[in-house]
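Student: Which chain is which? The protein sequence lines are A and B, in order. Quick note, the first sequence lines up with residues 67 to 997 if you use my numbering. Quick note, the second sequence lines up with residues 104 to 210 if you use my numbering.
Treat the hints as calculated values from the structure; they're not laboratory data. Treat the hints with caution; some may be incorrect.
As the list claims (entries may be wrong) - Listed next, the stretches of chain A that the computed footprint assigns to chain B, with coverage defined by at least 3 CB atoms under 8 angstroms from CB atoms of chain B: (1) 139–151; (2) 626–636; (3) 755–765; (4) 829–835.
Stated by the list, open to error - With a Cα cut of at most 16 angstroms, we get these calculated EDC-like pairs of lysine to aspartate or glutamate: (5) A:Lys790 with B:Asp199; (6) A:Lys790 with A:Asp946; (7) A:Lys827 with B:Asp199; (8) A:Lys790 with A:Glu957; (9) A:Lys429 with A:Glu415; (10) A:Lys555 with A:Asp264; (11) A:Lys741 with B:Asp203; (12) A:Lys555 with A:Glu385; (13) A:Lys358 with A:Asp601.
To be verified - Sample of chain A residues lacking proximity to chain B, with all beta carbon distances greater than 12 angstroms (derived): (14) Leu508; (15) Pro558; (16) Ser575; (17) Gln740; (18) Glu842.
Note that the structure is predicted; figures quoted are calculated from it, not measured. Yeah, the Cβ is synthetic: ideal placement off N, Cα and C, and Gly gets one too.
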Amino acid sequence: MNLLWIPLLPLLGTLVPLLSYRFGRTATAALTALLPAISLILVVQAIPAVFAGEALTWQASWIPQIGLNLAFHLDGLALLFSLLILGIGLLVILYARYYLSDNDHMGRFYSYLILFMTAMLGVVLSNNLLQLWFFWELTSISSFLLISFWSHKTDARKGARMALTITGAGGLALLGALILIGQTVGSYDLRTVLASGDVLRESAVYPVIIVLFLLGAFTKSAQFPFHFWLPHAMAAPTPVSAYLHSATMVKAGVFLLARFYPVLADTDLWFVIVSMVGLATLLLGAYTALFKHDLKGLLAYSTISHLGLITLLFGLDTELAAIAAVFHIINHAVFKASLFMAAGIIDHESGSRDMRQLNGLWKYMPYTATLAMVAAASMAGVPLLNGFLSKEMLFAETLHQATLGSLSWLIPLLATIGGALAVAYSLRFIHDVFFNGEPINLPRTPHEPPRYMRVPVEILVVLCLLVGIVPDFAVGDLLNAAASAVLHKPLPDFSLAVWHGFNGPLLMSLLAVAGGATLYYNRRHLFAFQGQFADFDAKIEFEKGIQWTTEKAAVIHRWLDNASLQRYVFLLIIFSLFVTAWPLLQLENAQGSRPQLPVNGIVLVAAGLLIIGTLATVIFSHLRLLALIMISIVGLIVAIAFAYFSAPDLALTQLSVEVATIILFLLALYFLPQKTPLRDSSPRRIVRDLSIASLVGAVIGTLCYAMLTRPLHSISEFFIANSKTGGGGTNVVNVILVDFRGFDTLGEITVLAIAGLGIYKLLAGMRLYVPAADSEGRPWAKDKNPMMLALISQSLLPLALLVSAYIFLRGHNMPGGGFIAGLITAIALIQQYIAHGVAWMKIRLNFPYHWLIAAGLLLATFSGLGSWLFDQPFLTTWFDYFSLPWIGKFELASAMVFDLGVYFTVIGATLLILANLGQLTTSERPLPGGK
Amino acid sequence: METIYAICVGIMTAGGVFLVLRGYTFAVVLGLTLLSYAVNLFLFASGRLVINGAAILGESEVYADPLPQALVLTAIVIGFAMTAFALILALRARADLGNDQVDGDND
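Start from the sequences, fold in the hints, and give me the full structure.
Tutor: Here it is, written out as structure tokens:
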């Protein structure tokens, strides 16, 4: 059998109700139940194998790089939970069919419910930690949708938000724990992790793991002090409460405790935290439940209390306690689901859930009353019902405790008090609702519910009785299988019998029943006592907390994002300063061991020019034309530096880019004010910016110095060794560009093309003011295209094109190549624009440059794709040598086609930018709005 | 030599950063240009300084590291495209918003 189907069928089933809700309520419910029912059958089929001790697994690779596999397994514990999830889930589907009113969108409800079911199945079946977490989060999200199902109610929205916040935050903590576990063990595979208990317990991060892990489990299972979300989740429709807060959602937390019990438990840290939190939750929940007037509120706090009981059992230092915990998981799921359903029926048929109004319902709905009373008795732990058995086991285990040293006698005492409180609130549930006089001001006269609404309750109550009377027959094997999965070793002897003779636990039970009855009998005094304290509403406190966080976040956000680009740049620079300066502080000596080159006079002069040019650019930046001339000096020196330090290709590129840049700036300056107001910032800001700029400059300069004076370890030996033999060229820089790292180059010319096209779109329809004179008021020169310039540039054009062709062709072996040749061609053409004007050029070269860009990109891409024809990877190059008469021996390489693509793209992009901007200065400019 | 090179890179970076922080678009684009010079020189420096060692096989004894050169070559061209884009954006902002300040009129 394929395990994948068990969670997959319900997942597909989420679509069923959405498609079928038009066919009526019964049909929708039946169709919705179909796929989960098949899943349940699959699980049931697997029972013999699991009882025989096998664990079924299924696995497929998902993202192996991070250790994430799609992996499921079915052992005893997963089997128990799958049965609960699917079994009670099906009963809830039937129940909801009658509970929901005509106004509720049944398709949506069922769809959420089945999604939640899938998530729960995923959690319990996962065999991979990361996948488990994925489904864990899915339960949080789908439960949010379910709790907020009546989204028109404020309570529902707030309750859902609270549940999502708490369980979501816990989920993050859990993720931290799971990742730490995975890293400590070296695998995210659950089987491997479960076999590595000693590694985990001995690791240094064990306390961190425990805290994060328990945060995840406790928030989900509503343990103190995170319990407050659960009562507010009662704003959900009752079928949701019956499902989420009996068998599933809140049980996910205790499932986690059970699942990781073999590897994380067995240390003092675990026993102290888990048992104390469990005990506190048990008492607090039980005490608060007594005072709730809302039927569902009582049940909610009782759920908290019982979850505390299960947690306490996992925290007690004995194997039998863990078995009892598993047993109580079953028992609580069964009786609590039936009680929630009964509460829903009462609410549905009488219109109220307030126990001050609901009295004497025995007369109106005796059948439902009987069912509810049996379930409530089980909750109280009355003999012959299932709740009695697991509570008895708890009492027995508390008697053998040493966790608290000489104070350990407190544990059985407090457990008995918890038991007494449970008896008291169960008595209240029975007596206040079904007896205690007549109903008061009920919205409608109560009556029995529709026949089939009662069926789920009947089934569950029969189970209560069955487990309570013949426990070994009813759940013995299941409990054995699940408990051995929890303990991960053979089980100790234990007996599930109802009668163990007169002993300590029985005495504690008797005390609890007597104490509970006394408490309930004296409830007036208790209520009066409790009435002295102001009601603590977690919702209000929580909302306050949320609002406080939102306000603080808004303050920070306003400070960071004040819609000032200047501020963003400032923050960015400060941040980068921090990350670059921090490592430098750790560096002891800026100077490395590499010997420095000697300095000569020419270098000093060039450096002096560069520094003066830089400073002048900054100082004269308000006189824009002057600044432009200064920055062009800097650019020129940079080009010379490249040439001097053995990078002829870079020098050529820088030189041609420099020309294009300056032309571009000049064109832009035509439209922009030619001067900036001298005082563009406050003196304070100038000082601030100067300090930051100096700091950044100092850090980068030091970094550069530290790098330059350290020996070089480069991967370039490979490129130099293989350039000729592998790439067929002696200019290693060019071979790297078009061959070794050709894919990078393809990306880079794509960026160039995108920038060009972006500029083209920005220029389209731009409404610019065309000045008639310069800033001094002088009119532009009348002779726009001087004859001398026209003549010279026209005669230079063929020469320039020839040079660019030469540079292109020799590029593979000597300095040059597509980038440089493209820039030279582009500048030669721009020269013609400048000399003759746009109109003159338009007649001779009416060519859409974006097509040139596209052609270049396509050419480069196809030259890469071509290698696929020869079964080679993308962009593998081919080259060979030929000889022709007169020309002699020459080389042909497919890389040249690629370089040709680069060449066209560069020409296209440069001309697209410059020619289009230039066109704006003339009468040829496109008018806004197209033509 | 290395000391002078590093000082030059530092000063260009400082000048670029100062201009980038100004309130007028033209100064910011000038600053970006200065910064890209500095960044290119910085990246180039990761291959260390070598004289008379162009990475042309058979032309010299010791070759300069060709890898940073190849990276910087494309960086120069893309730097040009970026400068152009920023400049045109500044023009567009002036056309649409009516001023040439980074944050509009309120400095």
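Student: Each hint needs a verdict: does it hold in this structure or not?
Tutor: Tested hints:
no., hint, result
1, 139–151, "violated (count 0)"
2, 626–636, "holds (count 6)"
3, 755–765, "holds (count 8)"
4, 829–835, "holds (count 5)"
5, A:Lys790 with B:Asp199, "violated, 54 angstroms"
6, A:Lys790 with A:Asp946, "holds, 12 angstroms"
7, A:Lys827 with B:Asp199, "holds, 14 angstroms"
8, A:Lys790 with A:Glu957, "holds, 12 angstroms"
9, A:Lys429 with A:Glu415, "holds, 13 angstroms"
10, A:Lys555 with A:Asp264, "holds, 15 angstroms"
11, A:Lys741 with B:Asp203, "holds, 11 angstroms"
12, A:Lys555 with A:Glu385, "holds, 10 angstroms"
13, A:Lys358 with A:Asp601, "holds, 11 angstroms"
14, Leu508, "holds, 65 angstroms"
15, Pro558, "holds, 67 angstroms"
16, Ser575, "holds, 76 angstroms"
17, Gln740, "violated, 9 angstroms"
18, Glu842, "holds, 18 angstroms"
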